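Engineer: Below are the chains, spelled out letter by letter.
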Amino acid sequence: MEDNVQYIGETLWPGQLGHFFILLSFVAIAFTAYAAYKQSKTIDVSNTSWRSLSRIGFALHGLSVFGIIGILFYIMLGKHYEYGYAFDHVSDDLPWRYIFSAFWEGQEGSFLLWMFWHVILGAVIIKTAKHWESPVLLFLALFQMVIASMLLGLHIEIGDFAYKLGSNPTLLLRDVFDAPLFNKADYVASLKGNGLNPLLQNYWMTIHPPTLFLGFASVTIPFSYAAAGFFTRQYTEWLKPALKWSLFSSGILGIGILMGGAWAYEALTFGGYWAWDPVENMSLVPWIMMVAGVHTNLIARSTGRAVKSTYIYYGLSFVLIIYSTYLTRSGILGDSSVHSFTEMGLEFQLIFMVVAAALLTTFVYLRHSKNVAVPEKEEAIVSREFWMFVGALILFFSAVIITMSTSLPVLNAVINIFNPDFVGTVIKDPIPHYNKFQIWIAVLITVLTAKTIYLRYKDKTLSNKKQKSLTVKFLIFGLIAALITYLTSLWIDYFHWKYALLAYACYFTIVSNFALIIRDFRANASMVGSVLSHAGFAIMIIGTIASGLNEKTITSNPFAMRDLMPDESLADAINILAEKPFFVNDYWITWEGDSTESFTKTFKLKFEKENADGEREDPFYVYPNLLYSNDLTKVAAFNPDTKHYIDRDIFVHIAGLPAAQLDVNNAKEIEDSLVYNTYIVNVGDTIKLKGITGIVENITFDPTQEDYIATGSDIGMGVGITFKSFDDKYQETEEVVIGLKENMLYQYPVMVNDLRLKVKMDERSFDNFFTQENLLDYKEYKLKTGDTFEFNNRTYTLEGFNSEINNDNYKREEDDLALKGMISYNSAKGKQVLEPLYIIRNNRPFSIKDYEAEGGTHIRLSKIDPTNEEFVIQIARDVRENPEIILKIAEDVPRTDIIVIEATIFPGINLFWLGSIMMMLGFFVSLWRRYKSKYA
Amino acid sequence: MHILAFIAIIAGISIIVIGSKDVSTYSSFSEALKTEESVKITGTLDKDKDLSYNPEIDPNLFSFYMKDGDGISKKVLLSRPKPQDFERAESIVVTGKMKGEEFIASEILMKCPSKYKDEEIRIRAEI
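Residue numbers (the numbering used here), protein chains in the order written: chain X, 237 to 1172; chain R, 2 to 128.
Excised from the complex, chain X in its bound form (with noise of 0.2 Å):
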């Protein structure tokens, strides 16, 4: 039926060009991949045509993928709606600065996000690698088209047999989902998008996606080198090459996890920068073998020992990457992770990615690592080789054992496919599962690297005197690693003496590192990276042992009793009042107010500390934030905010709201579920109700209640209500407010927090005040220029006229005469003056009033004499016999002044960041050093 709609407002060419693309992206990898492998066959080294083709191939490849982003952007930059990844991840109201975090937020992006990568890296190897071009472009081109496939959005039907072959993104929605809205023609415009997750709209979003897709890239040139080497029968000479991309990806792979850490800690509520999650798992592990990879390579380049080795560690990186990436797409995890993806659909083509990589390694491998030349004696004991070896060892059992627990839920899938009834296994506390072991993996890394860096490649033996002088040295550095995990626990707690060990042997190497390169270091400066990594290492685990073990939540309410659970240190939120300064722990916390701008409701809570002698000092402020949905009708997202210090963080966040707070539509429950009492009353008397009296102050006009704003005509009036508890604890007065705006009555009822109460005025009180025009009863004055006349006690004085109109109620139009009466009168605030309108328009004569509220005076200008300089004043005075007001009053109501806060203080986590930098930069300073040296 859709078939026959002729469709309004749709722009079709961007899908039509990025089919285009798509497909000649496909065609255009293929191809090369192709060209690379013939040139990579072709013996005759001058003979360089196919490699000509195999660029002109990638070349074509680039602009494709370029033109995919290019057109995503296009429709994304226009709010074309129809189109589905438009409509999915941009709405009018998102900011340009997140155009990119849009962008990548949907799968399809984040492929191409990759593959942009990889067309970069690609162009670099064309660029610098010389011989090594086309092998290498080879294995890239090959897993490139693999990601290329996953958007191609081809349907593939054999009879009953349907299925999707990727999901192409410049699809138009109506092409993605069957529904009524598109029997309408002009459907387009009735679209709105969907906008970005507001969780992902931050600027972590911009920066932390596009580094982690450079780490993944980058993961698959150092294997495809190794592919290159054993492909190519070159099973040495590769070595040296990849070593420089190993060391790239695993600084950017490094920071991109690291990035994921600091958003997770940042600006999000996990309240840690790791959790063991599945999806954090799944992007360590790949980093993990790389560092294994550039050990072995190191080995390999310095004693030809470890090739193999090497090449199963690029590889298992690779194939780990792009296990990941199923893993965290496939939607598998979704019982086991916080990280909710998104499904496409895709999950055979994921897997077949998953299992093609692992086929195209191990073939690769098996096929010719019988070819590889192995010294025939094994290496000494005390050689570097031999412990660098075991080092890397170490950390391929690391990244198995985390594989093997985070694919639980893998094997409870393959289990299913034979036993329908397997109900599945999980691990029942993930956090100390982890913990448990990756513990020991740190000791047995960092007393490893503290020792291996005194020794040397291909050393047999040990000489008397190095034998004593390693002695001596190492006994000197155990001491003082002692000292200071002694001294340092006076400052955090160790809690277990495996804790009390790991610290110990991070201390350990950190002197033993430093020590390296302070004796000596113009002999030693080659070690600098080397250093730079392994003590930051060290010094990372040491941050997270503070941070980590010795976090201590400030807010964990002491007085809790509520004999629930076993363990009430999970009470770690408390309630607080605005205003109200709240005593816990040792701080006063108050909340002294909030600000909302756009769709960000900021609160500004203050902290400060009280000393031994009750005194508080060090205030310092946090701002932590909530964010609403895109129709402001609910709260879509909490932010935490941190105050830093050089020793600790204190890290505070919004753990909870009243539900009126949360969302429009608990807030309308929750008044519908109050019981409203009428009381009719004046001014003088007193309300009684449950332990509360209301004195009703005064009448007002120009009322002063922060949400009723007064613009142009608006007539308003409130009632001061003085409230008091019994005790005489609580008293406050309130001003319950009723407006008129543009023909409309609008209630502002006060919310008193303290007393509970909700107080609405009665829309009925106001026509006890105001009089409508047609009943009012108009005395008329004709008056010259200073005349005086007496209305209602109440002396007026025609003062004069002006020409000069700004009247809210008055438009000028062309050829109007308009003029101002100005009439005053004396009162308690002094002269006032009215000032009616006489306005002739076509002709005809109007005239427009001036009121006044506090007598309810209506004045109007209703003819003006020329000849004789006379005009004619009505006067007209609002009936107010009857000045009752009627108030409905709600008692018992949920407050609304209360907000749920956490706040935790993380000792020495400077030191974990601090570590972590160090650490990746220890591998760019290496990767310097290589391209700058000739041995490299």
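For the record, the hints were derived by calculation from the structure and aren't laboratory data.
Please read all numbers here as calculations on a predicted model, not as lab measurements.
The beta-carbon is built from N, C-alpha and C at its ideal position, and this holds for glycine as well.
Check the hints yourself; a few may be wrong.
Covered by chain R, according to a simulated footprint, are these stretches of chain X (three or more residues, beta-carbon under 8 Å) [what the hints assert, rightly or not]:
#, region
1, 619-633
2, 655-662
3, 666-679
Calculated lysine-lysine pairs in the BS3-like style (CA-CA distance at most 27 Å, straight line) [as the list claims (entries may be wrong)]:
#, chain 1, residue 1, chain 2, residue 2
4, R, Lys22, X, Lys664
5, R, Lys50, X, Lys904
6, X, Lys672, R, Lys98
7, R, Lys76, X, Lys664
8, R, Lys68, X, Lys664
9, R, Lys112, X, Lys664
10, X, Lys870, R, Lys48
11, R, Lys50, X, Lys870
12, R, Lys98, X, Lys788
13, X, Lys613, X, Lys734
14, X, Lys400, R, Lys112
15, R, Lys22, X, Lys734
16, X, Lys870, R, Lys112
17, X, Lys672, X, Lys687
18, R, Lys22, X, Lys672
19, X, Lys845, X, Lys816
20, R, Lys98, X, Lys664
21, R, Lys100, X, Lys664
22, R, Lys48, X, Lys904
23, X, Lys664, R, Lys35
On the provided structure of chain X, position chain R as indicated by the hints.
Structural biologist: Same frame as chain X, now just chain R:
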């Protein structure tokens, strides 16, 4: 080299043995009643019964009813503020123990509906 391989195999086996003790199957409320151990239960929010979170009374107490795989609905108490978007959760995994007729949860994980389904609903709703 052979020694290394030997050590690696021993280490691997012991890791699997130790690690497998941390693993359990998803349980149910009726099974949870029979054990003192902490269990994990998957289920769905029982929308017929009220969930409650009143920060004014206790900011660390959130309760709701969950239906487990057998269709049995029990009250679950969580010692934490109510998680964001809880009502939208498609499935819930709770870790904890039964105490009387109530399940005391120490941890909770929610699976929210995929974006695509949500969109379909929204498109339909706009007509």
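Engineer: Against this structure, judge whether each hint is valid.
Structural biologist: Taking the hints in turn, this is what the structure says about them:
1. 619-633: holds (count 4)
2. 655-662: As far as the region 655-662 of chain X goes, the hint holds, because 4 residues have Cβ atoms under 8 Å from chain R.
3. 666-679: holds (count 4)
4. R:Lys22 - X:Lys664: holds (9 Å)
5. R:Lys50 - X:Lys904: Distance of about 19 Å is within 27 Å: holds.
6. X:Lys672 - R:Lys98: Given that 27 Å is the threshold and the Cα spacing comes to 23 Å, the pair holds.
7. R:Lys76 - X:Lys664: holds (21 Å)
8. R:Lys68 - X:Lys664: Roughly 20 Å between the alpha carbons, so the hint for R:Lys68 and X:Lys664 holds.
9. R:Lys112 - X:Lys664: holds (18 Å)
10. X:Lys870 - R:Lys48: holds (20 Å)
11. R:Lys50 - X:Lys870: holds (22 Å)
12. R:Lys98 - X:Lys788: Holds - the C-alpha atoms of X:Lys788 and R:Lys98 are around 26 Å apart, at most 27 Å.
13. X:Lys613 - X:Lys734: violated (38 Å)
14. X:Lys400 - R:Lys112: holds (25 Å)
15. R:Lys22 - X:Lys734: With a Cα-Cα distance of about 20 Å, the restraint between R:Lys22 and X:Lys734 holds, given a limit of 27 Å.
16. X:Lys870 - R:Lys112: With a Cα-Cα distance of about 20 Å, the restraint between X:Lys870 and R:Lys112 holds, given a limit of 27 Å.
17. X:Lys672 - X:Lys687: holds (24 Å)
18. R:Lys22 - X:Lys672: Within the cut-off at roughly 12 Å; holds.
19. X:Lys845 - X:Lys816: holds (16 Å)
20. R:Lys98 - X:Lys664: holds (12 Å)
21. R:Lys100 - X:Lys664: holds (19 Å)
22. R:Lys48 - X:Lys904: OK: R:Lys48 and X:Lys904 at ~19 Å, within 27 Å.
23. X:Lys664 - R:Lys35: holds (17 Å)
Violated hint: 13 only; the structure is consistent with all others.
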